[in-house]
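Q: Respectively, the protein sequence lines represent chains A and B.
Position 37 of the first sequence, counted from 1, bears residue number 37 in the numbering used here, the numbering being contiguous throughout.
Just so we're on the same page, the numbering used here is the position in the second sequence counted from 1, plus 1000.
Think of the hints as simulated: they come from the structure by calculation, not from any bench.
All figures in this text were calculated on a predicted structure; none of them were measured in a lab.
Careful, some of the hints might be misleading.
To be verified - Covered stretches of chain B (chain A as the covering partner; in silico rule of three or more C-beta atoms under 8 Å from a C-beta of chain A): (1) 1034-1044; (2) 1827-1834; (3) 1882-1893.
What the hints assert, rightly or not - Pairs of lysine-lysine, BS3-like flavour, derived with a Cα cap of 25 Å: (4) A:LYS120 x A:LYS138; (5) A:LYS185 x B:LYS1899; (6) A:LYS110 x A:LYS138; (7) A:LYS120 x B:LYS1899; (8) A:LYS52 x A:LYS81; (9) B:LYS1899 x A:LYS186; (10) B:LYS1899 x A:LYS128; (11) A:LYS120 x A:LYS186; (12) A:LYS81 x A:LYS100; (13) A:LYS110 x A:LYS128; (14) A:LYS185 x A:LYS128; (15) A:LYS185 x A:LYS120.
Claimed, not checked - Below, a sample of chain B positions facing chain A; criterion: calculated Cβ distance under 8 Å: (16) GLU1027; (17) HIS1028; (18) TYR1820; (19) THR1822; (20) GLU1823; (21) VAL1870.
For every residue, glycine included, the Cβ atom is placed at its ideal position computed from N, Cα and C.
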Amino acid sequence: MGAKAGVGALGVVLLAVLIFVAVSSWSRQPAVARPSVQPIDFPHVVHVQTYKIDCQYCHSDARRSEYAGLPSVERCMGCHKITGAQLPEIKKLAEYFARKEPIPWVRVNKLPEFTYFPHKAHVRASVKCQTCHGEVEKMTTFAAAPGPRLANDLLNLAGFRPAPPPLTMGWCVDCHREQNAREDKKAPLDCVACHH
Amino acid sequence: MNRRDFFKIVGATGAAAATAGCQGAGEHILPLVVPNEQLVPGVASWFATVCRECPAGCGVLARNRDGRVVKLEGNPDHPVNAGALCIRGQAALQGLYHPDRFAGPLVRAGGGLTPATWENAQKLVVERLAALRGAGKGRAVALVTQLEQGSLGVLADRWTQALGARPHVTLEPFAYEAIRAASRITFGRDAIPYYALEEAQVVVSFGADFVETWLSTVGYTRAFARMHAFRDGRAGTFIHVEPRQSLTASNADEWVRNAPGTEGMVALAVLRLMLEEGLGDRRFADAVARVDVKQVAERSGVAEATLRHLARAFGHARPGLAIGGGVAVSGTNATETQVAINLLNAAAGNVGRTVRFGPDSAYGRVTPYAEVAQLVQAMQRGEIEVLLLGQGVNPVHALPAGLGFAEAARRVGLVVSLATQPDETTALAHVILPDTHWLEAWGDYAPREGVTGLLQPTMSPVRDARPLGDVLLAVGRAVLGSEEGKGPLPWASFEQYLKAAWEPVVRGQWAAALRQGGVWRDVAPAAVQATAGPLAAGAAALEGDAGGFALLAYPSLRFYDGRGASRAWLQEAPDTMTQAVWDAWVEVPAEAAARLGVATGDVVRVSSPHGALELPAYVSATLHPQAVAIPLGHRYAPYHVPRYVAAAPTAMSPAALLGPATDAASGGAAWLGVRVTLARTGARRPLAILQATHDQDHRELAQHVDLRAAREQALRGRAGRHETISMYADQVYPGYHWGLAIDVDACVGCQACVVACQAENNVAVTGKASAAYGRQLHWIRIERWAEGPAAHPTNTFLPMLCQHCEVAPCEPVCPVFAAYRTEEGLNGQVYNRCVGTRYCGNNCPYHVRRFNWFQYEFPAPLEVQLNPDVTVRQLGIMEKCTMCIQRIIAGKDHARDAKRTVRDGDILTACQQTCPTRAITFGNLTDDTSAVTGLRHSPRAYTVLEELGTRPGVTYLKKVVREHA
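The shape of chain A in the complex, shown without the other chains (with noise of 0.2 Å):
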């Protein structure tokens, strides 16, 4: 009896174990930026929705490359070297330029790794930057919270909040066929396109 019961226990272990392994691999996907963590607190909302300013206008190189791109502290600092000089935020940013330092941005949006997507396809193909990004002209702070994460899902299943694109194989996979089924898109569908 009790030799038995140790197997039985060595087995729970060992079941344990590999729960734990394949549950943790499975959330350990891209890091989320919480609201507080940026050196800077930028609210895409006035940006886009009070001055109207076009994504690409900062995400310049979107339409170019496979990275969108950050703008530079000069670009940023082009409108706001007068607009709203004496906001605090703002001479947090004019003292980032004036030391010569690149801004810390934290990243909030990340893909998993292997994977290759190039941002100038899609601007190519008119996929509007929130079908991934979220309702970025929205947001106060950026945080679209991709990725399957506990907190989300419970959050999706109670009803409190839309569900953000989860930046998944599965969610790219979905769209791609759906454009290709709609219209005379040809989005690729083959695995290496994105991983080679």
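Using the hints provided, position chain B relative to the given structure of chain A.
A: Just chain B now, with coordinates in the frame of chain A:
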């Protein structure tokens, strides 16, 4: 445990794991403070510059991604290489990001070298120079650089003049001085001409190893392909005379094996027979009146019938071309040999047609070896107090040991090295002022008259390095006590000097010249008259045991004179003939090996009157029985040991065995100058040889066709192959169907594609032990297949890579669908899915899949070179050729920008792009007008192992063999 406990545990562990997984550290993205308007992050920029890995001076385009150079390609506009690049050019990146590169200036203190600031290190040099100048001993200063045929060379001359130093010495171990001297004797012109291989019908080469290193490898290999490769029923003939079956000899339609050092008499006998047959200018009959053909046949071991056949083939050619080089034109009789070759050309009327003076080679400007020897003697006498050595100069390793450079250098008060990484010569230096790599530097270089390439920095320096030009200017001014803007060296920097020197040439069009990579114009051939007195044919005089073997010390395809040996890519690329990687070897003729009782891998002691080497033997059935051959240039860089090789042998290069002998007529170093004896040591050092057999065993992997049959088929135009019949439906290609065609007739086995692929696709280096196990990771390899008698085989080179089979054996055995067929005709390999069962590799009949047995590292800063568009594979992943999928994606992206489909020629794979002979063609097989479709339906087309029904996407074109003998 009951069911309820089970769920409790499972639930608790799962929740814990989920919480743990959420605590990822914040990752920062940093914007630029002030952006560079011309650079878009993620989009590559290209910079045109000039390759300085050897004096050939090929044009290069450097691909800069986000501020760092990740790939080199040939500049398609450059007249020397027209887009192609050799194996050494491709590997230049590993010199740029070399882990051993000096981090900054070093000064010898006590026994070792210690870091110093630029100011302090330069001050040491300046003080010494100023003291010498003050004492009126300017002649005690010597400046030695590699061949700098451009503004830097001119500046170096100005510098030595301003300081009253000895004239600037350019040091190139292989300077073809015999060709210069022979030109002087025959044509009255001190120059190395341009040889128009591309226009010759018949080329007879006396040891000229143009596929490996001769003069301008890429340029002449390209020209050779244009002359020799089968096209529209036309194909030239190439005959090569050499005691060893070198790679160039393997590409000959006829390889004639002669006794070492007898090329000159063979050339004269051919000339005599040619004139006897009435096939040449009778004016030269007197010159060869004393040549006894029978005696030549006896001494050279070349049958009289062969000599006569050579004479007829050459004499009938309209036009022909005879060239000399390699070991043949570096013996003690080198000039005589080359004079004989010149007369062959003159008598056949080739001068001015295929032998062109005018576009003379830069090699003709190298400082004569005699002056180098004088410098060494002066050093020995203690007359030299400051010796400055530029980068690329490693005389301790690269010059014959008999010259005694190392000994002499120890008597120099201050040895200043401007090398970029440690070598045998920097070990003797007192001060090291690291130069910038040529990819980081300004400059210009004229490889031949009429062609001047421009160098520009393609990225900011990887290390704290300063260009030689800047150092010369700064040190020179400090010694002279002059200011910037005044005196004989007024320029603030070498960049400023260069631009000032170019202004009269480009007249404001500087940017355009930079973009093009330089300026070039056609140079009309100069008229020369050949004169000749009576010639006697002698063999090279060899020092040492009369019963010994002539030592053939030949420049290596991979390392040149040793400059390339510190690049791990080159060490791991196999020598095509032996297929050996990493280690050096001594090629021992089979008879001698049997006599000594040594097999391949047994260590043999090779002794000459000047030194001894212990090297593993490579038993060769083809080598002349009175010769042994050792490639020059083998050495390891510090970071290779013990990472890639177990222990570093003291010396591997045969320069250690050579004496001070020279060719008397030209003064050039005699690389063929000693006889050596062999002794078995009893030790073993197995070589890592990547190809187990060169026997096809009737598998018909590398196929060939007669020239006559090929012509007939070309006329009839019937396709050589047809799709194999299948019971299953054919695959449908809705868009593109990518395919490759490889012309086996054009492939010369130069291995440039292997390293180009390695650079493009982040292929890791495994090291000697792993490679010996067959664990090397190359996605493309060049197989050598030999046919015919063992002593005189015909070699065919077969580039082997993933065949992208339509019915791929790798795919159905993958348990996780990592290997799959794409809609565009590729065999995809999804690294994210791969779990490393290796079933696919085992089931691949072509053996082209590579497995990551270990986590291979890219020692810093080599990881900076990695192509950001390609995944770096890790331990346990299977990988293989992707047909450069990242380039296909980029090509489709460009086409979509232009709102069109991909056109033929839009996409070049890395292997195709660098190929000097254009043996590889990539394209869309659903496009009937594409080049690759045309080749797929060529009468010479076949697929490897067609009988297996794999339906490869790679088509091969049979080698065309000439019906001689």
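Q: Please go over all the hints and tell whether each is borne out by the structure.
A: Here is how each hint holds up against the structure:
no., hint, in the structure
1, 1034-1044, "holds (count 6)"
2, 1827-1834, "holds (count 6)"
3, 1882-1893, "holds (count 5)"
4, A:LYS120 x A:LYS138, "24 Å, holds"
5, A:LYS185 x B:LYS1899, "13 Å, holds"
6, A:LYS110 x A:LYS138, "20 Å, holds"
7, A:LYS120 x B:LYS1899, "14 Å, holds"
8, A:LYS52 x A:LYS81, "19 Å, holds"
9, B:LYS1899 x A:LYS186, "13 Å, holds"
10, B:LYS1899 x A:LYS128, "20 Å, holds"
11, A:LYS120 x A:LYS186, "15 Å, holds"
12, A:LYS81 x A:LYS100, "15 Å, holds"
13, A:LYS110 x A:LYS128, "18 Å, holds"
14, A:LYS185 x A:LYS128, "15 Å, holds"
15, A:LYS185 x A:LYS120, "16 Å, holds"
16, GLU1027, "4 Å, holds"
17, HIS1028, "5 Å, holds"
18, TYR1820, "7 Å, holds"
19, THR1822, "5 Å, holds"
20, GLU1823, "6 Å, holds"
21, VAL1870, "7 Å, holds"
Going through the hint list in order, the structure satisfies each hint without exception.
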